[in-house]
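**Q** Let the hints inform the model, and build the full structure from the sequences given.
To convert, take the position in the sequence shown, counting from 1, and add 56; that gives the working numbering.
Derived by calculation from the structure, the hints in this document are not laboratory data.
There may be inaccurate statements among the hints.
Capping the alpha-carbon separation at 30 Å, the derived lysine-lysine pairs in DSS-like fashion look like this [unchecked claim]: (1) K186 x K134; (2) K58 x K209; (3) K58 x K72.
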Amino acid sequence: MKQLYIKQKVFSLSGKFTVKDQQEKDIYYVEGSFMQVPKTFSIMNTAREEVALITKKVFSFLPKFFVEVNGREVMTIKKEFSFLKARYTIEAAGIEVQGSWWDMDFQVLQHGKTVGKVGKEWFTWGDSYKVQIMDEEMETIMIALVVAIDCVKADQAAASSAASN
57 MKQLYIKQKV FSLSGKFTVK DQQEKDIYYV EGSFMQVPKT FSIMNTAREE
107 VALITKKVFS FLPKFFVEVN GREVMTIKKE FSFLKARYTI EAAGIEVQGS
157 WWDMDFQVLQ HGKTVGKVGK EWFTWGDSYK VQIMDEEMET IMIALVVAID
207 CVKADQAAAS SAASN
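**A** And the structure:
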């Protein structure tokens, strides 16, 4: 089982951060397209080759994010129409998320088998998300999923603060 760490509240104005391993070595680099339309986040390996891309759909009534891994769309995260509180769904072939992904405490199943878990880690290099990967083939999808969820949460927070002004 592999463990990786993503710093909590990763989205800064620069939109750049890294994913680290247990030895605090950089494993993935994430760069956002600040002030560009459509908004994207590129996930690159240590050779700086893009392995995943998250794109926010523009001109959509409700926010929608597409996640591509190795050039293939693997999942969509979209906001559902709801009067009470924000509800999002994750659509992905054979992939299911169980638990509270809004609180970053969930497990990811592929065809009913747990392939990864995400939780908050309080005693690492600053508050971070710990991503446990049971199936190495799912590593890139797991990292893309956590970055995409954090992107959705940042987008929701921005929309909420804009609405209250």
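**Q** Given the hint that K58 pairs with K209, test it: the Cα-Cα distance must not exceed 30 Å.
**A** Judged against 30 Å, a Cα distance of about 25 Å means the pair holds.
**Q** For a C-alpha distance cap of 30 Å, please report whether K186 and K134 respect it.
**A** holds, 24 Å
**Q** Just to be careful, I want the Cα atoms of K58 and K72 compared with a cutoff of 30 Å; is the pair within it?
**A** This hinted pair holds, its Cα atoms lying about 23 Å apart.
In this structure, none of the earlier numbered hints is contradicted; all agree with it.
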